[in-house]
Amino acid sequence: MLKRLLHVTPSGAAGLAFAAFAFLVIPALAGKLWLSVFISTGCFVLAIAGVAFMYARLGMVSLTQVGLMGVGGWVMLRLNHAAGFPFEVNLVIAALVTMVCGWILALPAMRMRGLYLALVTLMAAGGLEIIFATYQFPNGGEGFWGVKTGSADAFRRPWLAQTPEAYLRYVVAFVTLGFLFIEAHRRLWPGRAWALIRRSEAAAMAAGVNVTFYKMWAFGIAGVLAGAAGGLLAGSLGLLDDATFRASESVMLFALAVVGGARYWLGAVIAATLYRILPALLNNWGVDADLAFVIFGAGLLHAVITAPNGIAGQIMDLAAGLRARFGKGGKP
Amino acid sequence: MDRTRLFNWLVFAAAMAAICGWLAWGKPFKITGLFLTSGLAVGSLYALGGIGMVVLYRATGVLNLASGAAGAAGAMIAWQLETWGLWPPLGWLACILVALAITLAYGRFLAPRLAWRDTVVKAVATLGYALIILGLVAFIWIDDPRALKLPTDAVGIQVMGLRVTATRLIVLAAAIAIVVGIHAFLGRTRVGLQMRALANDRDLSALVGIPILKVETIAWGIAGVIAGFTGLMFADLIRLEPVVITFMVIPSVAAAIAGRLESLALVLIGGLSMGVIESMLTLSPMLKGARPIAPFVIAAVVLLWYQRGTRLTFGGKD
Amino acid sequence: MNHRTALAALTAFAGMTLAGAAFAADPVCGAATGEAATGEPIIVGGIYGNAAPGDWTSSTDAAAAYFKCVNANGGIHGRPIDYRVENDQWNPENAAQAAAKLVSDTDSVAMVGNGSFIEMAVNAGTYKDEGIMVMASACAISECFESSNIVSTNQGPLPSNLGAAMYAREELGATNIACIGLNIPNNGIWSCQAVIDYMEANGGTGSMALLNPGAPDVNSALLEAVSSGADTILINQPAGLALAILKAAEEQDLRDAFNWIAPTPLYDLSVPDQLGEYWYGHVYVNAELAPLQVNGPDAQNWVAVMEAYGNADDPRDTFGQAGYLSARFFVDAMLGMDPADVGDRAKVADAIRGIKGMTSDLMCGPYYVGDADFHMPNHAGYMVKIVEGGFEIVRECYEYDSAYFEPMLAIEKELGLN
Numbered sequence: 001m002l003k004r005l006l007h008v009t010p011s012g013a014a015g016l017a018f019a020a021f022a023f024l025v026i027p028a029l030a031g032k033l034w035l036s037v038f039i040s041t042g043c044f045v046l047a048i049a050g051v052a053f054m055y056a057r058l059g060m061v062s063l064t065q066v067g068l069m070g071v072g073g074w075v076m077l078r079l080n081h082a083a084g085f086p087f088e089v090n091l092v093i094a095a096l097v098t099m100v101c102g103w104i105l106a107l108p109a110m111r112m113r114g115l116y117l118a119l120v121t122l123m124a125a126g127g128l129e130i131i132f133a134t135y136q137f138p139n140g141g142e143g144f145w146g147v148k149t150g151s152a153d154a155f156r157r158p159w160l161a162q163t164p165e166a167y168l169r170y171v172v173a174f175v176t177l178g179f180l181f182i183e184a185h186r187r188l189w190p191g192r193a194w195a196l197i198r199r200s201e202a203a204a205m206a207a208g209v210n211v212t213f214y215k216m217w218a219f220g221i222a223g224v225l226a227g228a229a230g231g232l233l234a235g236s237l238g239l240l241d242d243a244t245f246r247a248s249e250s251v252m253l254f255a256l257a258v259v260g261g262a263r264y265w266l267g268a269v270i271a272a273t274l275y276r277i278l279p280a281l282l283n284n285w286g287v288d289a290d291l292a293f294v295i296f297g298a299g300l301l302h303a304v305i306t307a308p309n310g311i312a313g314q315i316m317d318l319a320a321g322l323r324a325r326f327g328k329g330g331k332p
Numbered sequence: 001m002d003r004t005r006l007f008n009w010l011v012f013a014a015a016m017a018a019i020c021g022w023l024a025w026g027k028p029f030k031i032t033g034l035f036l037t038s039g040l041a042v043g044s045l046y047a048l049g050g051i052g053m054v055v056l057y058r059a060t061g062v063l064n065l066a067s068g069a070a071g072a073a074g075a076m077i078a079w080q081l082e083t084w085g086l087w088p089p090l091g092w093l094a095c096i097l098v099a100l101a102i103t104l105a106y107g108r109f110l111a112p113r114l115a116w117r118d119t120v121v122k123a124v125a126t127l128g129y130a131l132i133i134l135g136l137v138a139f140i141w142i143d144d145p146r147a148l149k150l151p152t153d154a155v156g157i158q159v160m161g162l163r164v165t166a167t168r169l170i171v172l173a174a175a176i177a178i179v180v181g182i183h184a185f186l187g188r189t190r191v192g193l194q195m196r197a198l199a200n201d202r203d204l205s206a207l208v209g210i211p212i213l214k215v216e217t218i219a220w221g222i223a224g225v226i227a228g229f230t231g232l233m234f235a236d237l238i239r240l241e242p243v244v245i246t247f248m249v250i251p252s253v254a255a256a257i258a259g260r261l262e263s264l265a266l267v268l269i270g271g272l273s274m275g276v277i278e279s280m281l282t283l284s285p286m287l288k289g290a291r292p293i294a295p296f297v298i299a300a301v302v303l304l305w306y307q308r309g310t311r312l313t314f315g316g317k318d
Numbered sequence: 001m002n003h004r005t006a007l008a009a010l011t012a013f014a015g016m017t018l019a020g021a022a023f024a025a026d027p028v029c030g031a032a033t034g035e036a037a038t039g040e041p042i043i044v045g046g047i048y049g050n051a052a053p054g055d056w057t058s059s060t061d062a063a064a065a066y067f068k069c070v071n072a073n074g075g076i077h078g079r080p081i082d083y084r085v086e087n088d089q090w091n092p093e094n095a096a097q098a099a100a101k102l103v104s105d106t107d108s109v110a111m112v113g114n115g116s117f118i119e120m121a122v123n124a125g126t127y128k129d130e131g132i133m134v135m136a137s138a139c140a141i142s143e144c145f146e147s148s149n150i151v152s153t154n155q156g157p158l159p160s161n162l163g164a165a166m167y168a169r170e171e172l173g174a175t176n177i178a179c180i181g182l183n184i185p186n187n188g189i190w191s192c193q194a195v196i197d198y199m200e201a202n203g204g205t206g207s208m209a210l211l212n213p214g215a216p217d218v219n220s221a222l223l224e225a226v227s228s229g230a231d232t233i234l235i236n237q238p239a240g241l242a243l244a245i246l247k248a249a250e251e252q253d254l255r256d257a258f259n260w261i262a263p264t265p266l267y268d269l270s271v272p273d274q275l276g277e278y279w280y281g282h283v284y285v286n287a288e289l290a291p292l293q294v295n296g297p298d299a300q301n302w303v304a305v306m307e308a309y310g311n312a313d314d315p316r317d318t319f320g321q322a323g324y325l326s327a328r329f330f331v332d333a334m335l336g337m338d339p340a341d342v343g344d345r346a347k348v349a350d351a352i353r354g355i356k357g358m359t360s361d362l363m364c365g366p367y368y369v370g371d372a373d374f375h376m377p378n379h380a381g382y383m384v385k386i387v388e389g390g391f392e393i394v395r396e397c398y399e400y401d402s403a404y405f406e407p408m409l410a411i412e413k414e415l416g417l418n
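Chains C, P and F supply the protein sequences, listed in that same order. Residues in the first sequence are numbered from 1 upward in steps of one, following the working numbering. Residues in the second sequence are numbered from 1 upward in steps of one, following the working numbering. Residues in the third sequence are numbered from 1 upward in steps of one, following the working numbering.
To be clear, the hints were calculated from the coordinates, so they are not data collected in a lab. We treat Cβ as the ideally placed atom computed from N, Cα and C, and that holds for glycine. Keep in mind that a hint or two might mislead.
What the hints assert, rightly or not - To give an idea of the chain P side of the interface with chain C (calculated C-beta under 8 Å), a few residues: (1) N8; (2) L10; (3) V121; (4) L134; (5) G135; (6) V253; (7) A254; (8) A300.
What the hints assert, rightly or not - Stretch by stretch, here's where chain C covers chain P in the computed footprint (C-beta under 8 Å, at least three residues): (9) 104-115; (10) 284-295.
To be verified - Cβ-Cβ distance ranges computed for the label pairs, FRET-style: (11) P:W22 / F:D256: 56 to 64 Å; (12) F:D197 / P:K27: 24 to 32 Å; (13) F:D256 / C:G84: 53 to 61 Å; (14) P:G26 / F:I393: 42 to 50 Å; (15) F:V394 / P:L97: 44 to 52 Å; (16) F:A410 / P:G21: 53 to 61 Å; (17) F:H282 / C:H302: 48 to 56 Å; (18) P:L204 / F:G276: 54 to 62 Å; (19) P:A105 / F:M358: 18 to 26 Å; (20) C:G191 / P:L304: 24 to 32 Å; (21) F:V394 / P:T83: 27 to 35 Å.
Modelling step: build the complete structure from the supplied sequences, incorporating the hints.
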């Protein structure tokens, strides 16, 4: 049992190596601009991991992940300005509150599948977009919404991570924990229940699996990851704006999760790279922001059409092919 | 079955009337009437967007999130042609043709390559297409105050002290006419029959020799024309801003949901009531700030209502 | 950097003919030596917002043109200005990244010409921590005017609203103003509340009707304002939304039932044509800087600089003027420094804080910075009326009379400016 849980696959080893690289090397090399880009990329990796996991393991589509990030960010900012808890405590509360929101969202969605489920979550994202636009994010004001006019109050970053370099490391650590969290679930009993549900809900029910419970569980995990991602994003900027959390962004995030490859950790990294690093690169190269949109949209369409398992799937196939060719026996 | 349906209708109508009545309570008619007419126009646009979406979805299985972008591109072309001094009706025609061309291009060249993917993936792929169009439109026409006017804006009738322009009447009448027209088309014509067959079972339809490509192309065409018309009306009645027109698809999805992606009449009623309630919410001091949330809440409630009493069942597609 | 359509060029052309200075004399910039600067470049940054809801490039465009002109005329003590601009795309993450790139990763000495809706809110802390001064030009939010390291040449919505409200109260007999603002705390609510306070302090009343920027329906906010019992409607909106609101009002034939006033965003040359004949003579707009027909020597110099060093399609509008002014005041301050210090951010920041009493015919009052936690040097303007083909001045430079400006007036007194 324990051996099964701790077994390291080649893909897992590559993932841990990449995390170590991101933790040790990248912060030391990047300038302030790229640190800031990488930090938000890291936050979105975490959020994408949540959507991708739901899609790959259960075939459920959530089009509200960015909206849920907004919830996490909102709670994070509200707590920061209202109470003197340390950053980590706020982050845990933000993740848990978002998890509860994910559950509330899941309750009606439990009876639906496929496109209908996706559309319910899209309606939720639309509603959250309006709420964020109307009530804004807390910036140190009074009352429940905590919004005031004028400059925002200071945001307390974690004491472990006062500088941008340290904050990037902090985010990388959380992202790695998030992936390990998902992987542990996959390898233990919920993972077996999910696999059964994915294959056939009828068979799962017949086998005595509580389908609703395990689906809810999955929604909860996606919620926790989104909440933590939103909280970390709030921590990097110190304030948030509703423009980040539009419903269309949630749709985009899901699309990118598919493009990246929902079944692989690399897929989430690729998706977040396309979402945050590519636009920053285009901007850095002086490409007009509107044309960057065109390039982005075309890339998205192209990848959806040509790579059914996502870009990560293609890379994994390639790696497996190479291993088969050179790893075994060395025949020409 | 029919009795449940009638019951659903009655409950919905009663609920909407009750909400409007509650919001309008104690306000003079002159004021509530203003909000009602304003809401009906917005609602008609939501409904039109939803109708195009449902027609296309039933026939092709694609939920097109790029219809707003197609309408936005069309409306900008219409504005540009008018600014260059062209006879305005040509501009309006160009608007519809451009939206038609954009939509058909996707339907003919890109959608077939995704035919075997999940419904949801097909839907989100159209968002990529919407971004391409929106990016191009925003690149060609930099942000600048613009307005599109139709001659029907100047014509109006007085209804109990408030002026209702011909454009508002046209958009409402068009929404109703399109629903009736498509209903007749599906029920009376051969292509309509084939479309219904496709909506019921694609694989079987292919087996019995329905010309899928032709039928789908017609469906994409209808959706394109509706998108162009909606874009033009939106530009006139609401405002001429490509981004706003593009992302109007999200409340349109809400209207489509109200009709369960199935019934055009329900999409129309759902869309209209979303527009009216959104507008009437302005009368509530507490809720007026968050009034654009109305379509989403209504759609969610309608979905829950449809699903009441059902359990998660096996089998069947979505 | 920006690709403009023929239309923008047309607008710009209309602007020049309106200014009547299409064939202006040679521009005068910086030290005016006529020789190109060749020394080690001095890096200056600028952030603009150009994405979905609005294009705010005109201030950085104008600043860029002026700097080019300065570089061709001796630079700053022989050193050219390397002006680098970034687009925040109305996205806070991009805004933070732009500042990281221009301020933290680069040895820039100051930021000039910034124009944005969100950049200042995100970066005010960064600017303070990095000790850099920002001479912005197109600010729309409260952070711009209420932080220590940002000073803006334009007024922002609050003073401009007050100017419009004051004119309406004094000249149009307004007693109850309904302000249609964006539902953004540091923009719409902040600036509408100031109008309500002003009216209440002067025996009138006011109210605000708020509108979500992304929501399609603008009509409801107008109807809310109409049903509030106001006699005057203040359209505190970007030009595109303001047009939509006026169009809805035209549909209901509300023109004669209210006074229609607006802050600066409606002072845009494409507005009169898009509005149409119905509104000519009925919409009063506050202009933060001199309207084009005033055409003083500095205004002519601005046009000449744009002619010679700008792109033909850079807009010639209020924010363009503001960008030119910020750049000119910055260069004047730099030229007054010891040549050894012009590459040093802290010393440049001190020199900028030391600016006082610079003047231009584009601006009603003197420009100053000073060492305070808030900066708002520009709080006097013109009032114009929309007429066929353009704008007609209905009130020359006037100071806005509101309690909000007391701290600024106190500082000006201290600096000996009034």
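To see whether the hints hold, each was checked on the structure:
Because the closest C-beta pair between N8 (chain P) and chain C is about 17 Å apart, greater than 8 Å, the hint is violated. Proximity of L10 (chain P) to chain C is violated relative to the hint, the smallest CB-CB distance being about 23 Å (cut-off 8 Å). Checking V121 (chain P) against chain C: minimum C-beta separation of about 6 Å stays under 8 Å; hint holds. Taking 8 Å as the C-beta cut-off, the interface hint given for L134 (chain P) holds, the closest approach to chain C being about 6 Å.
At a threshold of 8 Å, the smallest CB-CB gap from G135 (chain P) to chain C is about 3 Å, leaving the interface hint in force. The closest approach between the C-beta of V253 (chain P) and any C-beta of chain C is roughly 6 Å, which is under the 8 Å cut-off, so the hint is satisfied. Below 8 Å, beta-carbon pairs count as interface contacts, and A254 (chain P) has one with chain C at about 6 Å; its hint therefore holds. A distance limit of 8 Å between C-beta atoms decides the matter here; for A300 (chain P) the minimum to chain C is near 5 Å, and the interface restraint holds.
Residues of the stretch 104-115 of chain P with a Cβ under 8 Å from some Cβ of chain C number 3, which satisfies the need for three, so the listed coverage holds. Counting residues of the stretch 284-295 of chain P whose beta carbon lies closer than 8 Å to any beta carbon of chain C gives 5, which meets the minimum of three for the stated coverage. At roughly 34 Å, the beta-carbon separation of W22 (chain P) and D256 (chain F) lies outside the given 56 to 64 Å, and the hint is violated. The given range of 24 to 32 Å is respected by D197 (chain F) and K27 (chain P), whose C-beta atoms sit roughly 28 Å from each other.
Taken as a hint, the range 53 to 61 Å holds for the pair D256 (chain F) and G84 (chain C), whose Cβ atoms sit roughly 58 Å apart. Taking the beta carbon of each, G26 (chain P) and I393 (chain F) are about 45 Å apart, inside 42 to 50 Å as hinted. Range check, V394 (chain F) to L97 (chain P): about 45 Å between beta-carbon atoms, so the 44 to 52 Å window is met. Separation of A410 (chain F) from G21 (chain P) is about 55 Å and conforms to the stated range, judged on CB atoms against 53 to 61 Å.
The supplied range of 48 to 56 Å is met by H282 (chain F) and H302 (chain C), whose beta-carbon atoms lie about 52 Å from each other. The hint said 54 to 62 Å for the Cβ distance between L204 (chain P) and G276 (chain F), and at roughly 57 Å that hint holds. One distance hint, 18 to 26 Å for the beta-carbon pair A105 (chain P) and M358 (chain F), is violated here, with the actual separation near 56 Å. About 30 Å separates the C-beta atoms of G191 (chain C) and L304 (chain P), a value consistent with the hinted range of 24 to 32 Å.
The hinted range of 27 to 35 Å is satisfied by V394 (chain F) and T83 (chain P), whose Cβ atoms lie roughly 29 Å apart.
Checked against the numbered hints above, the structure breaks hints 1, 2, 11, 19 and satisfies the rest.
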